[in-house]
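Asks: Sequence:
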Amino acid sequence: MTKFLNILIVDDHPVVREGLRTFLGLAANIKRIWDAETGEQAINLVKHNLQHIDVILMDLVLNGEMTGIEAINHIHRLSPRIPIIVLTSYQNSERVHAAIQAGAKAYLDKSVDPDKLVATIHYVLEEKTASGITLPSNSAGIAGADHVPLTARELEVLKALGQGMSNKEIASHLGIAEKTVKVHMSHIFAKFGVYDRTQALIAASRRGLINP
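Plus 427 on top of the position in the sequence shown (first one is 1) and you've got the working numbering.
No wet-lab data here; the hints were simulated from the structure. All of these numbers come straight from a predicted model, not from anything done at the bench.
The list that follows gives simulated cross-link-like pairs (lysine-lysine, DSS-like), each with its CA atoms no further than 25 Å apart:
id	residue 1	residue 2
1	LYS474	LYS430
2	LYS458	LYS543
3	LYS606	LYS537
4	LYS430	LYS543
5	LYS606	LYS595
6	LYS430	LYS458
7	LYS606	LYS586
8	LYS458	LYS537
9	LYS474	LYS458
Label-pair restraints from in silico Cβ distances:
id	residue 1	residue 2	range
10	HIS475	LEU453	22 to 32 Å
11	LEU582	GLU492	14 to 24 Å
12	GLU492	GLU445	17 to 27 Å
13	PRO507	ASN456	17 to 27 Å
14	PHE431	ARG504	19 to 29 Å
15	THR625	LEU477	16 to 26 Å
16	GLN590	ASP536	33 to 43 Å
Virtual Cβ for every residue (Gly too), placed ideally from N, Cα, C.
Let's have the full structure, built from the sequences with the hints guiding it.
Replies: If you want it as structure tokens, here you go:
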């Protein structure tokens, strides 16, 4: 008997959300589709639909204060049973490992063939997660988090974070786009092996990168 699926799409681009909604809506076994543009919205939807959402498609760079990796971590703690598939245009081995560590079950580029996306959805739902993870070709050579140094810009972002600045304030302070701040933040999280700002600050303090 075919199981009818409920899917949550989390992406900050309306066109991407609508495209995925239209495509998935044509699938015979899709019952309902929710969408969110921020991690905060996604978490709220999960809280109110814990027993209904079957799978989540998650981008890593989102609107709002929360990164996709943070959202994955929060959602995974709320409901470990809901598989999360990262669907993003950022192919980066550090992000792959951070997303998987946070609780994602698979990682796909947005250029993925639609049939492969559907196949991956069914694959993770069948709990064949290990083979379902798609990694960049260079991921095997990634160094451990303790051995990956921060770039000069990432260190600037980290120090601004240590001063209590929000993403918007960091962007203004450094003269860069807020989305760029989120990208740097995701890289910092990945290199430290953490999932949120508080953990990043603790790790940075322990390593002497910022004053406690």
